[in-house]
Amino acid sequence: MNTPALETRGLRKSFGALTVANAVDFRLEHGARHALIGPNGAGKTTFVELVTGALQASAGQIHLDGADITHLPQAARVKRGLVRTFQITALFRRLSVLENVTLAVCERQGVGGGLFRPAGRHRGAIEEAHALLEQLGLEVEALRPVNLLAYGRQRLVEIAVSLALSPKVLLLDEPAAGVPSGESGAIIKVIERLPSDIALLIIEHDMDLVFRLAQRITVLVQGSVLVEGPLEAIAMDPEVRRVYLGERVPR
Amino acid sequence: MTPSRAIDAFARRHRYHPLEALPWLAAVASYFIFPDYLALGAQILATILFALSADLVLGYAGIVTLGHAAFLGTGAYTAGILAAHGWGEPFTGILAGSVAAAFLGFLSGLVVLRTTGLALLMQTLVVATLVAEAANKASFITGGDDGLQGMEVWPIFGWFRFDLFGRTSYAYCLALLFLGWLIARQIVHSPFGRSLIGIRENVRRMHAIGAPVARRRLTIYTISAALAGVSGALIAQTTQFVSLSFLSLERSGTVLIMLIIGGVGRLYGAFIGVPLYMIAQNRFSEIDPVYWYFWIGLLMVLVVVFARGGVLGLFDRFRR
Amino acid sequence: MGNTLSAAVSIGFHGLAFAMVLYLISVGLSVTMGLMGFVNLAHGVFAMAGGYVVTSLMSRWGVPFLPALLGAAVAVSLASIPIERVLYRRLYGGEELDQVLLTMGLVFMSVAAATYVWGPLQQPLQPPPWLSGAIDLGVRSFPAYRSFLILCGAALVTVLWLGIERTRFGARVRASVDNLRMAQSVGIDTSRLFMTTFALGSGLAGLGGGLGADLLAINPSYALQNLAYFLIVVAVGGLGSIRGPFVAALLLGIADSGFKYLLPEFGAFFIYTLTMGILLWRPRGLFGRA
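Going down the list, the sequences are from chains A, B and C.
The opening residue of the first sequence carries number 0 in numbering that gives the first Met the number 0; numbering runs sequentially from there.
The opening residue of the second sequence carries number 0 in numbering that gives the first Met the number 0; numbering runs sequentially from there.
The opening residue of the third sequence carries number 0 in numbering that gives the first Met the number 0; numbering runs sequentially from there.
Be aware that a few hints might be false.
[Said to hold, decoys possible] One-sided and incomplete, this derived list gives chain B residues near chain C with beta-carbon spacing under 10 Å: (1) Ile-32; (2) Thr-91; (3) Leu-94; (4) Val-98; (5) Val-111; (6) Thr-128; (7) Ala-133; (8) Phe-293; (9) Ile-295; (10) Val-302.
[What the hints assert, rightly or not] Facing chain C, a subset of chain B residues (Cβ under 8 Å, in silico): (11) Ala-118; (12) Leu-124; (13) Glu-132; (14) Leu-255; (15) Ile-259; (16) Ile-286; (17) Val-289; (18) Tyr-292; (19) Met-299; (20) Val-304; (21) Arg-307.
What the hints contain is simulated information worked out from the structure, not anything from laboratory work.
Just so we're clear, the structure is a prediction, and the values are computed from it rather than from any experiment.
Note that the Cβ used here is the ideal one computed from N, Cα and C, for glycine as well.
With the rest of the complex left out, here is chain A:
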């Protein structure tokens, strides 16, 4: 397929004199395993916010599977399969794990605003949510409030919620951020097992993760794309090594 799953053309965002995204051209192919890396403050999360619609772009276009979504509100983009997770866990903290995912399922099914049937009667949605929990090994804690879970488990719930939305394009913003190393293994396994028809973009700092999960890499520096290419090429690129002075780049 020639149409990329996600594409940005000349994407720009400025806050007055400060430009945080500078004419970013980006392509995410169907079924891709793509990573977006860059030093702190490079604008990676800003890019995610622009693509998902949480931030309005100053200029440029965004295309989802060929369709122009530049002016669509965030909720509409989600409905078309453009889904993200948050770098700092953004869940309904006092609600149970099961309810967090069920809410997402209901929204996807279009019954999220239903007034006439009690939520408990939407058995199908609840069962689908529970099945998702089982897939990710979270079913043991289904009824526990999310804020009582270990942080690594919370990050898994983030991913579960995003999967509940049947994403075609999934943007994972530092999925293992803040997770103690003992718990990050589970997250990596889950990402590796994601269906191959989902186009995946991972924003990451952790190079080990990037090298394990990604096939292509885009390097973002100060809001502009420095270089983009397959994993091996980027790993060898002297520019990238210079930018990541001091960071381990495994051979």
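Dock chains B and C against the given chain A, drawing on the hints supplied.
Relative to chain A, chains B and C alone:
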């Protein structure tokens, strides 16, 4: 827990629990036990409905408002003006009050709900003040400072008169509170209601799961206004009087107090907080209004610092 | 035409005096809300307390006017510290509803306490003889007290603005309002900063309350009666801004004076509708952070 057990437990939350019959049994029993206090009782029941409506926006959707009395007052004046100008049929009066309040809720919601935080708080205050000013200026209809005079409410079904003992008022308010409660309960347990909690807990997340947040907030704001309008019309019809105090900041403030005493966002907080507050006010504010103000103020400070969940929250703590 | 000019000057003059009072009282609230994110509905209590202290010092102990003002500012400032440490601090970063209810409770308590101590009637301010009467500028005469208000207010505002811009303390306040976490990571003791700014803001409010006793009557319901005005100044001006509330206070003061003079029936309508419009256009206020 086997999967079906977890799912069952989750799916059963909306089922009626025997304890939920308690407030209604208490209300019916009070009819017989306190025959001299039925007029006050009717006011308490109507105010519970008001607090319930406020809880929907405040406790569930997380919209902090200092202007909810605008809807109470609109319902009250609508029903009152009808009754003062020859149409005293109670149920249609309630309906008219409710529709008028819902209309105000929808229009003001379109404006007010675009903001959050302090701006939102301010906007609710501004709307309520504008409505109060309008009511004051339109004194040729509303009676202005003197209040609305000359209300004549017809007997219910042409048979049950609104008498001085408050028997009809009490039953009337109880019936309408029951209806309002059914509606509120239905909303709270529906997917819509659950999504409101999501909006309150993490609005960014709600956007990110594709929920139409603005539309949901406007819907609950309008429904809440409609219910508040019913309670206003009830109070107007059962006291046969409406005054500018129905629209005051004090009204908006005291409903917040009553809710926090009972417990916000718990559906039943209103049923506990309102009677406690109103009975205490009835007893003590006559004795010395200054002391009443002081102790209520102190109570609020103590509740916020030590007992944030209100009475229901304390129950929860003891249960563990 | 002479009449219109004369009316305009009157409105401008009285509006400016009112604006000064409103600003002095509200600037502390703006910084508190912008810095600590705390909805303080009880801010008017400090202004009221200042008013009561000034009038009591003058009428019961014969303290002269200026020392009484100073005493009020200091007293209110010091008294505000335990309230901030013991009560407000618990709710920083907490839910808005909690803050609204806590501060409302404090307002209720203050109404009762003021009634108990001073009775329900207004405490009139007797300006000292050197401020009574009018200043005659030949073509017009201006009430002396209001003139003093404007000059005094202007002086205080200048000191305040210079302080915020030029001192290290002011720099710390501005940095913390801008980005609290960043400020903390740079080593600013935000807890102490909160306490100090709160005390300063409350002291200023006390001063404003005392100075403006003639415009905003000192009585037990003061905090409730004037709550809307203080909130409007802060919301329209912009939370955390020092200059924004000044512009808002000017708008409010002149609109209020203008309508009192020209169309007393509709002043409230205009002011509230204007507030609503501004907040819709700029939800963070005219000078608030985006």
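Hints versus structure:
A least Cβ separation of about 32 Å between Ile-32 of chain B and chain C goes past the 10 Å threshold, and the interface hint is therefore violated. Interface hint at Thr-91 of chain B: violated, since its Cβ lies 32 Å from the closest Cβ of chain C, which is beyond the 10 Å cut-off. Because the closest C-beta pair between Leu-94 of chain B and chain C is about 29 Å apart, greater than 10 Å, the hint is violated. Given the 10 Å rule on beta carbons, the hint for Val-98 of chain B is violated: about 24 Å separates it from the nearest Cβ of chain C.
The interface hint given for Val-111 of chain B holds, since its Cβ lies 9 Å from the closest Cβ of chain C, which is under the 10 Å cut-off. Because the smallest distance between the Cβ of Thr-128 of chain B and any Cβ of chain C comes to about 5 Å, under 10 Å, the interface hint for this residue holds. Here the hint on Ala-133 of chain B is kept, as its CB sits about 8 Å from the closest CB of chain C, short of 10 Å. The closest approach between the C-beta of Phe-293 of chain B and any C-beta of chain C is roughly 3 Å, which is under the 10 Å cut-off, so the hint is satisfied.
Interface restraint check: Ile-295 of chain B against chain C, minimum CB-CB distance 6 Å, threshold 10 Å, status holds. Taken as an interface hint, Val-302 of chain B checks out: its beta carbon lies about 8 Å from the nearest beta carbon of chain C, inside 10 Å. Proximity of Ala-118 of chain B to chain C holds as hinted, the smallest CB-CB distance being about 4 Å (cut-off 8 Å). The closest approach between the C-beta of Leu-124 of chain B and any C-beta of chain C is roughly 6 Å, which is under the 8 Å cut-off, so the hint is satisfied.
Using the Cβ-Cβ criterion of 8 Å, the hint placing Glu-132 of chain B at the interface with chain C is satisfied: the shortest such distance is roughly 5 Å. Against a cut-off of 8 Å between C-beta atoms, the interface hint on Leu-255 of chain B holds, since the closest Cβ of chain C lies about 6 Å away. Because the smallest distance between the Cβ of Ile-259 of chain B and any Cβ of chain C comes to about 6 Å, under 8 Å, the interface hint for this residue holds. Given hint, Ile-286 of chain B at the interface with chain C, is violated; its Cβ is 13 Å from that chain's nearest Cβ, farther than 8 Å.
For the restraint placing Val-289 of chain B at the interface with chain C, the shortest Cβ-Cβ distance is roughly 5 Å, inside the 8 Å limit, so the hint holds. Because the beta carbon of Tyr-292 of chain B sits about 4 Å from the nearest beta carbon in chain C, less than 8 Å, this interface hint is met. Among the interface hints, the one on Met-299 of chain B holds; its C-beta lies about 3 Å from the nearest C-beta in chain C, closer than the 8 Å criterion. The criterion of a C-beta within 8 Å of any C-beta in chain C is met by Val-304 of chain B, whose closest approach is roughly 6 Å, and the hint holds.
The beta carbon of Arg-307 of chain B is positioned within 8 Å of a beta carbon in chain C (closest approach about 7 Å), and the interface hint is therefore held.
Of the numbered hints stated above, those contradicted by the structure are hints 1, 2, 3, 4 and 16, listed in ascending order.
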